[in-house]
Structures are given as C-alpha cells and as structure tokens.
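Visitor: Chains as they are written, first to last, in the working numbering: chain X, 1 to 283; chain H, 1 to 283; chain P, 1 to 283; chain E, 1 to 283.
Hints were generated in silico from the structure; no laboratory data involved.
Hints should not be assumed to be uniformly reliable.
To spell it out: a stretch of chain P is covered by chain E in this simulated footprint if at least three of its residues, at any positions, have a beta carbon under 8 Å from a beta carbon of chain E; those stretches are [what the hints assert, rightly or not]:
#1 69 to 83
#2 146 to 155
Restraint ranges, calculated between C-beta atoms of paired labels, are given here [claimed, not checked]:
#3 X:Gly-59 <-> H:Tyr-81: 40 to 48 Å
#4 X:Glu-22 <-> E:Ser-7: 31 to 39 Å
#5 P:Thr-28 <-> E:Glu-56: 49 to 57 Å
#6 X:Leu-261 <-> P:Asn-37: 38 to 46 Å
#7 E:Asp-8 <-> X:Tyr-81: 54 to 62 Å
#8 E:Ala-268 <-> X:Glu-52: 14 to 22 Å
#9 H:Gly-65 <-> X:Ser-23: 51 to 59 Å
#10 X:Leu-261 <-> E:Phe-87: 27 to 35 Å
#11 E:Ser-7 <-> H:Gly-65: 24 to 32 Å
#12 H:Glu-210 <-> X:Tyr-81: 48 to 56 Å
#13 P:Gly-65 <-> H:Arg-82: 51 to 59 Å
List time: in silico BS3-like cross-link candidates among lysine-lysine, alpha-carbon distance up to 30 Å [what the hints assert, rightly or not]:
#14 H:Lys-25 <-> H:Lys-120
#15 H:Lys-280 <-> P:Lys-62
#16 P:Lys-275 <-> H:Lys-25
#17 E:Lys-116 <-> E:Lys-19
#18 X:Lys-281 <-> E:Lys-281
#19 E:Lys-62 <-> E:Lys-280
#20 E:Lys-280 <-> X:Lys-281
#21 X:Lys-280 <-> E:Lys-102
#22 H:Lys-281 <-> P:Lys-19
#23 P:Lys-275 <-> P:Lys-19
#24 E:Lys-275 <-> X:Lys-281
#25 H:Lys-116 <-> X:Lys-177
#26 P:Lys-62 <-> P:Lys-19
#27 H:Lys-62 <-> P:Lys-62
#28 X:Lys-275 <-> X:Lys-102
#29 H:Lys-120 <-> X:Lys-116
#30 X:Lys-116 <-> X:Lys-19
#31 H:Lys-275 <-> P:Lys-102
#32 H:Lys-19 <-> P:Lys-275
#33 P:Lys-102 <-> P:Lys-120
Beta carbons are placed, not taken as given, at the ideal position from N, Cα and C, and that holds for glycine.
Number of protein chains: 4
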Amino acid sequence: MKDVSESDLTNNIPLVALKEGESTKPVTVAGVEFGGNDFAIIAGPCTVESEEQIVEIAGAVKQRGAKMLRGGAFKPLSFPYRSDSFFELGEVGLEYLNVARKTHNIPVVTELMDIKYLDKLCENADMIQIGSRNMQNFSLLAEVGGSGFPVLLKRHFGCSLRDWLGAAEYLVHYGCKGVVLCERGITAPHTHVVTSRFIVDLQVVPAVKELSHLPIIVDPSHSTFRRNFVPHVALGACGVGADGIIIDVHPTPEKAAVDPLNALTYDAFETLVGKLNNVKKVI
Amino acid sequence: MKDVSESDLTNNIPLVALKEGESTKPVTVAGVEFGGNDFAIIAGPCTVESEEQIVEIAGAVKQRGAKMLRGGAFKPLSFPYRSDSFFELGEVGLEYLNVARKTHNIPVVTELMDIKYLDKLCENADMIQIGSRNMQNFSLLAEVGGSGFPVLLKRHFGCSLRDWLGAAEYLVHYGCKGVVLCERGITAPHTHVVTSRFIVDLQVVPAVKELSHLPIIVDPSHSTFRRNFVPHVALGACGVGADGIIIDVHPTPEKAAVDPLNALTYDAFETLVGKLNNVKKVI
Amino acid sequence: MKDVSESDLTNNIPLVALKEGESTKPVTVAGVEFGGNDFAIIAGPCTVESEEQIVEIAGAVKQRGAKMLRGGAFKPLSFPYRSDSFFELGEVGLEYLNVARKTHNIPVVTELMDIKYLDKLCENADMIQIGSRNMQNFSLLAEVGGSGFPVLLKRHFGCSLRDWLGAAEYLVHYGCKGVVLCERGITAPHTHVVTSRFIVDLQVVPAVKELSHLPIIVDPSHSTFRRNFVPHVALGACGVGADGIIIDVHPTPEKAAVDPLNALTYDAFETLVGKLNNVKKVI
Amino acid sequence: MKDVSESDLTNNIPLVALKEGESTKPVTVAGVEFGGNDFAIIAGPCTVESEEQIVEIAGAVKQRGAKMLRGGAFKPLSFPYRSDSFFELGEVGLEYLNVARKTHNIPVVTELMDIKYLDKLCENADMIQIGSRNMQNFSLLAEVGGSGFPVLLKRHFGCSLRDWLGAAEYLVHYGCKGVVLCERGITAPHTHVVTSRFIVDLQVVPAVKELSHLPIIVDPSHSTFRRNFVPHVALGACGVGADGIIIDVHPTPEKAAVDPLNALTYDAFETLVGKLNNVKKVI
C-alpha cells in the first residue's frame, strides 16, 4: 500500500499549501512578524504562577529581546490530579497575563483547551495556542478558526506532517486569519534511553517550507525537557531556517511550578538571544 | 533521565490501577459483558450511511454472533473537506442507530467528538466511543465522565500505555461508571513500507492486564486497514487474552462509504466468529 | 516522496516473493517442518551454560513437546564487557549442544555471529540463527547463504518488512536451501513507559504471508522480555497464523545466566504447549 | 520496567564516557581535527564511479573548503542485485581514492563492510567508515578496533544513543585510536508521509556532548535524502554544536550512480561552506 503522495496531500490542503512560485507568507500578530526578516522570539514561564511573577518575567524577557510573552493559564496534564507544586490559575491567570501585557506593552500567547474560555482568552491575549494534545480536536479547531483570532498550532508528538497541515487547514477553512506552526518534539523509539522524552524534529522545518506558506517556529524547551539542550536546539532551529522560537524562561528555574527542568535563567536567555540574532544574520 | 516507573504510574491512576490480588473487573453495558467469560464481539459498518443500511446490518451481524452494534454518525477526518463518497450523517445518524437498536434489540456504541451532542447520543445509544484523536481531549473526558455513561476509550496511535491509562483515570475520576479500553493500532517506523498504516499492538493486552482492572478489546479493522489481515489479527487478539473485538462489517465492503478496504463481508464475519469462539474456549 | 510500493518490492525479491496462486512453502529442517500443518515449537535456554544444563533441558523440553532445541553459544552484547553472570561458552558451547542433540535425538538451532565459526557450527547443529543485529551484515549473509545450510533469520528491531525480506533474498540468492523468518520485537515509541523494551509485531505475520512464501515464527521471549507476557504473546502468535515459536525455557529461570526475566519454567512451558496445540487445531 | 539510567550506561562505557570536568576530546586524522575549533567538512560523491570522477571531485571540493574526501568503494544494498546504474567498484575503487588522495593531498574516509578488505583499505585511505547497518556487527568492530585505525562510526537508523555508544566502546576497547561519531538519520513514525525516509536527530548532538568525550558530526545527505533539505540540515547541525558534517557533492547530481536525489552541486556546496563557517564563528 502506497503512502499518500505530495500531490494527494496538497490537494487536501488548498488553503495552506504552497503554490508555484510562492514562499512563506509572513503572519503579523500585534506587531510581531513571523516568517519575515526577523527571528521571532517568544519567552516566558511555563505556567502563570502569580500576578507579580508574570509581570516581572514579562519585563525581564522583553528587555532581553523577547517580542512576545508566553505563559500557561490552563495546563493539560496526563493525569487528573493537581498537586501543590503543579497547578493552573485558569481564568485569573488570563487576567494576570493581561496585566503583564499592558504593563510592559508586550503581546501574549497562551493555550486554550476548552472552547468556553475562548472569549475570555481573546480579551486578555493576542494569540491562541492550540496544544499538542488538541491538535486533532476538530471541534475546537473549527470554533477557534471561526473566531478569526491568530493561532499558534503545536504539532502532536505522535502525528505526521500530513496530519499537522490538515489541522492547520481546518483552522484557515473555518476563518482563522493567521496560523503559525510550532514544532515541539516527537516521540521516537530512539528517545527512550538517556536522552529526553521527545526528539525535536528540526528537519520538519525545511519540509514545511517546501509544502506550505505557513511560518514555523520551534519550542526547544518542551521538546527536549532538558535545560542543557535548550540553547543548542534553539540555535539549531535558527540554523535550519525556522522563523522563531518559543522558550521557557524563569528567574529561578528550579523553583518553577511546572517543568522546572527546562527553563532558562534570564542570563542564559540573554546570551542565547545574542547568538540567535548573529546566526540569523549570517544565514 | 529515567522513565516513569510502574509504581510512579500506579500512584497516578488510583482508580484504574490493579490492586494486589485483583484481576480484570468485568464491565457490563446493556447486558454485554466485557472482561468476563465471554469474548465480546462488536460489529457494524464504519459509518451509518442510511436508516435501511444500519437496520439491515444490525440484524445481519446480530444473527452471526455480534453482541453490540457499531456505526459512526460523526467521523473525524484529517482534512476539513467532505466528499460525495465520504460523509457523516451527524445527529440523524444517531437516530438511525436507535432504530436499528430497537428493531433488532442490540445495544449500540458510537463515537462522540463534541460535547454538544452528548445528550442526543445518550438517548440513542448505549455506550460512548472516545476516538483516538480525542483520547487526550481532557475537557471532553471530564464532561463525558461526568455523565456516568459507559465509555469505549480508544488509544491514540501515538500515545503510550501510560498516557492511555491516564485518560481512563480522567473518565473514572469525573464519574464514568464503566470504561473499556480499545487498542486500535499505533504508528511505528516499521509500518511505512508494505504493511498497513498502523501496527496493532497486541502486546499491550497483557500489559494492561498487569497494570489495570479495566477490560480491553481490540479493533482489527482500523488498526490494520487491510481486509486480509483482519481475521488473523482478530484471532491473535483472542489468543493474547483480549476481552473482545470491534470490527467493521459491511454487506458490500468495497462500496462502503468510508474505509472500504477493511470491512469484512457477512460470510467472512460468520466464519471468524466461529473460530473466535473456539479459540476463546481452548485458552 | 513516495514509499516503495508492493510491486517495486516484489521485483527486488524474486526468490522469496509469493507468486500468483502460491502460499507458504514448508521448510523442513532435520525432520521439523516449518509452514506445514504443525505448529513448530523450538525451546531451550537463552544461553548454553554447561554440558549438564543443556543436556537436561534438551530432554525436558522434548518431553513436553518441543521439536527443536535452542541455546546460545555466542551472545551479542551491547557493551564489550562480560561479567561472571553474563558469559558465552563459544566453540565449546557448540559441542555441548551436539551432545544434547545426540543424547535426546533433537535438532538444534544456534546463533552465528562470525563467519569463522561456520564450519564448527554446521558440524554441531542443524540450523543457523542470524540474530537481529546481523540481519543486514551482508558479508555474513552471503557466506552463510553459500553454505546451503538452513537459516532462522531474525528481524532487526529497527527494520521494516522490506529490509527483512531483502536480507532473506540475499540468503537464498547465495544458495541457502531453507530460510525461516523470525519476528522478535521492534522498537516503537510506545514501548518506553511501562511495558517492555520491545513490542512484538504480530501483524507482520499476515503481512509476510501476503508477500512471501517463507515460513515465519515468533520469539515471544526476547520480544517481550517479561515472563508474564510470554504465554499470551505465544498464543497470540498462533492466533495470527504464525508457523511456530522459539521460546526460552529454563529449569530455574531466575537463575538463568542470561535474560533471567523472560524464561518459562518447565511447568509453564508444558501448559502453554497444550494450549498452543489446541489453538492450532481450531483455527 | 525502568530503562537504563545514565549512571548504568556510563558504567558500561568507561572508555568513551565523559568524566567529571571533561569536554569533547579532539580527534585528529591526517591533519583534520574533529572536535576542536574547526568545523570539519567532509565531502565527495556517494560512490566512486571512476578514477577521473573521484580525482576531479577531490580537487573541486578541496578548493571549496572540504578537509577530507568521502566516496564509497563498497556499498551496502537492501537487495542483492546490482544494476547498470547502481554498482560498486570494490577494491579498485579504493585504489582510485588513493590516486585522488595523492593528487590533491586530501585525506580519505571510506566504508568497510568486510574484514577481508581491512588491509587494502588502510593502505589507500585515512579513516574507516563503519556504516549504519554494521554498527552492531561486533566481530567487525573488534577487528577494526584492533587495527588501531581511526573510525567514523555511523549510527544505525533504528538504534538508541545507548547502543551507539556501546558500539563505540567496542572499538576503543579493542584498540581504536580515534573514534568520531556520525548521526545519519533515524526512522521515526512521523517520517512516513511527505518528508524523507529518515529524520535527522540533531538533538543527539548535545546528548552526546553530555555523555561522551567523542566528537560527533552529521550526515545531512543520507539522513534527509533530499537535496533541498541538505543545506538547512547542515546549518542546523552547525547550530546545535556538531563538530562537522559529511556531505554528498557531485558535479552533476542527477547523474550520480547512487543516490542522485541528495548530492549538492559544486556551487551549492561552496555557498553552504561559506555560511557554515560564519555560523561556526558566531556561536
């Protein structure tokens, strides 16, 4: 049985497929351009922990070169139990993001898991993140697409490029005005001894550029889950031609409420931004 | 970095984990027992195509040994475009299932993708199927769990057993009274030349039996996507100790609206049921 | 880029491909038929530990239904260091196998890793096992094939069916008179939490039957690496239509020199053989 | 069952494991340094096609920045049949490599598949490549290691980092004086629609740097099998911190005897070398 060929695929994704002679079409969200000349850097904590925390981090990452703030108000968990050290603020987290946004004049992207918080999110942020686990939640894609709001669409760790572009096509078909793809690691057999939980698929960046006009960024934090790997993978993402990164930064990473193993300190982030801008310049 | 150990896992799934001395706890849905002495056989078309079609098939599969009817009113598709030959009936499909159910006195399981159809589904069917792509749609799991309705929980083709049992824990935590797991194929690197799209993971059956008290059945049709493999994999599932199967059956498989490559004819189904019952008896 | 289609594949494997109207061609090795009416059962220890051990086990497994004896004189290890508890007897192990073979009149299969032991192996055993790691050691395949000796060809845990049949074609092309395939587990992303190291690919059995006339057996011991899974997977292998199994049996499994986690006791083996023969009868 | 932890691993690889306070130890082969300040660039055709071809390419790639010449005299093939357009020169190919080496004063690396050609290879080249398929051919590793000759050890596409470092330990244990690792793509489930046959695992570069003192380079040609991806992946490899690349270059790529889909032209190679040197400088 043959796999689906490229032409079969592009026939199924008329809105996001690259046409003859085209290249990446930039998407601009609240002044931040993805897929243009800049390398778009999104930074912030994994999770919004308090108003003070998110406001402070917003200022710190903006000053060091971030163009957009990340931070989760809703967090998908593999098990239904929250603990003292692993929680989510929910709606109030969205409000704190908005305070940080206004205080430091920096746009915000944050995850939506349930359609009932769509309006609230749109009032408090600039871009909706669809997480890995909901990449093929087609009801959510249809309603989010219908809102017209810009979307950062993460790839499911078990899905092919074909499925990912299919999900993007849903968003645009239902009305989404700006879709940016985000590679965040895949499961591969080779991951399971002495690396991290996922392997980042950097090769998917040129693959996307060959098939689609959508910009694509990389998440080196949640793909590798290992602080030491993050700067290397971020620089690799820039090298392969990604349009930006989204990265966990925390003033005291080891005390982060969620995912303390992958966040960079302010200093490490600042050093990385310098190198990223240099690499972007020379390629 | 070490992977999560078994004890770490079972601590996270107190409701579905096997306790010392326990074994599979049977789940009974409208008189059909999963995990008891019988081998539960669910059969029917991939998709409800018309009232006549589903009523006819319901009678035909019941007569040949099926204990429950399957049939999709809602169909998740990788791309947002329906064609003449690939469609879904939606709510009216649920009503047709109910007609078939009453005409032939056979319980029905059917997929739910959007919470807004929950009540309608519960009025017309006996068991909710959560499909592969929504296995980690936690909002859907919470609301479906809260309904108390029995659930057939398919495994995502890219997810580990750990993630799958975590999803089951969500359902039970929110109130689900009867969860049955369904293996439906995983993506593996080895699938990609000259077998089918997925590989069925039959080894997961004894793995589930070691970790959880939930019954587990196998879908040989959507895992293999190849009619010739279906009876072999169904018999293999019985051999490894699965509690049942869910299988596509169609009077004229090559004319099935969806997935014409995997459905069995009535005759092939009848032959298979005979063999399954014999294998179940001798092991 | 399209994958290789079935016709592309079968053009590359003229000697092992199934021709129109054919089915599995039985291979007989020292009176043991693979691919005929019987379900061929090979049993024995992972490793030859001493003359007494292998002679005793040979008698015990033959009495309980094994048709051929397994036992490693050469053992491939991931690291170059042997320990007191993990060793190999090498050439003298081959001689002990021969003693067991003659004492109990049971044929022997054992692994060859280096061509320099080919003659010695052929004097002392009846069938050469090519292990997973040497499946694509083309020099070894060419020389072993040239000997005309029967071969049990294990699948590499990271290789597709296409590559496996290519390796079988090498053997036959160079003169091998009887090739039997052996599935022994694949690495898949889903293996890496709370199952075993590999997943057995039982679906490959009907896939082989569709493409090749070679018999195929399954190794439930080294694929699952977990004693509790072994009988289930063995029965599943019989259910999907495999032509036999090769299985680790040890009088005191927990004291086995190599792989103590997967061997069955004599009693467990005897019970399993009874069930296997029953399943074979009814399908 | 837990996977092997990092400390379990490093105990098994005392010779190649990174010790406290160490970092990559440079390996120098015929004046080319791997793991030092330079980014080592190896280039040449997939296969040695004629004396004229290899001599010409050697000069062309050296002039454009390559430090070492690649070119296969022996080619592993999935099937035993050669065609007019897919062949190998064998021993005479080694001699042609030597002519090119002397003519242009450029060191040579070439693959060894059979121990019987070891001496001949050592007379005509500077470094032995162990290919993906022979990564766990332990007899070959032992004998090649015993020769003391430097080795470029490619990773098997289905093997974990643990297995790869185990193979490197074999080489050093048996006497190899200089091992350089080479990532050349892994099979992953996500590869199988509309990308290439393999996915390059760039994340393995920082993983190696954390566990071992061995230098590591990347093969962007055989991992991606797609000319358009090659420069992107090469730059990504430089970004993540690899110590070099090995790359297919051909004067008329579409006419290459083997793998015509991935070789770069001289011009494309020259442009890439310029960018690589710039990226190396800024990170």
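Visitor: Each hint: holds or not?
Guide: Going down the list of hints, with the structure as the test:
no.: 1; hint: 69 to 83; result: holds (count 6)
no.: 2; hint: 146 to 155; result: violated (count 0)
no.: 3; hint: X:Gly-59 <-> H:Tyr-81: 40 to 48 Å; result: 45 Å, holds
no.: 4; hint: X:Glu-22 <-> E:Ser-7: 31 to 39 Å; result: 51 Å, violated
no.: 5; hint: P:Thr-28 <-> E:Glu-56: 49 to 57 Å; result: 56 Å, holds
no.: 6; hint: X:Leu-261 <-> P:Asn-37: 38 to 46 Å; result: 57 Å, violated
no.: 7; hint: E:Asp-8 <-> X:Tyr-81: 54 to 62 Å; result: 30 Å, violated
no.: 8; hint: E:Ala-268 <-> X:Glu-52: 14 to 22 Å; result: 52 Å, violated
no.: 9; hint: H:Gly-65 <-> X:Ser-23: 51 to 59 Å; result: 58 Å, holds
no.: 10; hint: X:Leu-261 <-> E:Phe-87: 27 to 35 Å; result: 51 Å, violated
no.: 11; hint: E:Ser-7 <-> H:Gly-65: 24 to 32 Å; result: 55 Å, violated
no.: 12; hint: H:Glu-210 <-> X:Tyr-81: 48 to 56 Å; result: 22 Å, violated
no.: 13; hint: P:Gly-65 <-> H:Arg-82: 51 to 59 Å; result: 55 Å, holds
no.: 14; hint: H:Lys-25 <-> H:Lys-120; result: 29 Å, holds
no.: 15; hint: H:Lys-280 <-> P:Lys-62; result: 27 Å, holds
no.: 16; hint: P:Lys-275 <-> H:Lys-25; result: 24 Å, holds
no.: 17; hint: E:Lys-116 <-> E:Lys-19; result: 36 Å, violated
no.: 18; hint: X:Lys-281 <-> E:Lys-281; result: 12 Å, holds
no.: 19; hint: E:Lys-62 <-> E:Lys-280; result: 19 Å, holds
no.: 20; hint: E:Lys-280 <-> X:Lys-281; result: 13 Å, holds
no.: 21; hint: X:Lys-280 <-> E:Lys-102; result: 39 Å, violated
no.: 22; hint: H:Lys-281 <-> P:Lys-19; result: 36 Å, violated
no.: 23; hint: P:Lys-275 <-> P:Lys-19; result: 33 Å, violated
no.: 24; hint: E:Lys-275 <-> X:Lys-281; result: 10 Å, holds
no.: 25; hint: H:Lys-116 <-> X:Lys-177; result: 26 Å, holds
no.: 26; hint: P:Lys-62 <-> P:Lys-19; result: 36 Å, violated
no.: 27; hint: H:Lys-62 <-> P:Lys-62; result: 45 Å, violated
no.: 28; hint: X:Lys-275 <-> X:Lys-102; result: 29 Å, holds
no.: 29; hint: H:Lys-120 <-> X:Lys-116; result: 20 Å, holds
no.: 30; hint: X:Lys-116 <-> X:Lys-19; result: 36 Å, violated
no.: 31; hint: H:Lys-275 <-> P:Lys-102; result: 40 Å, violated
no.: 32; hint: H:Lys-19 <-> P:Lys-275; result: 28 Å, holds
no.: 33; hint: P:Lys-102 <-> P:Lys-120; result: 16 Å, holds
Hints 2, 4, 6, 7, 8, 10, 11, 12, 17, 21, 22, 23, 26, 27, 30 and 31 from the list above are not met by this structure, while the remaining hints are.
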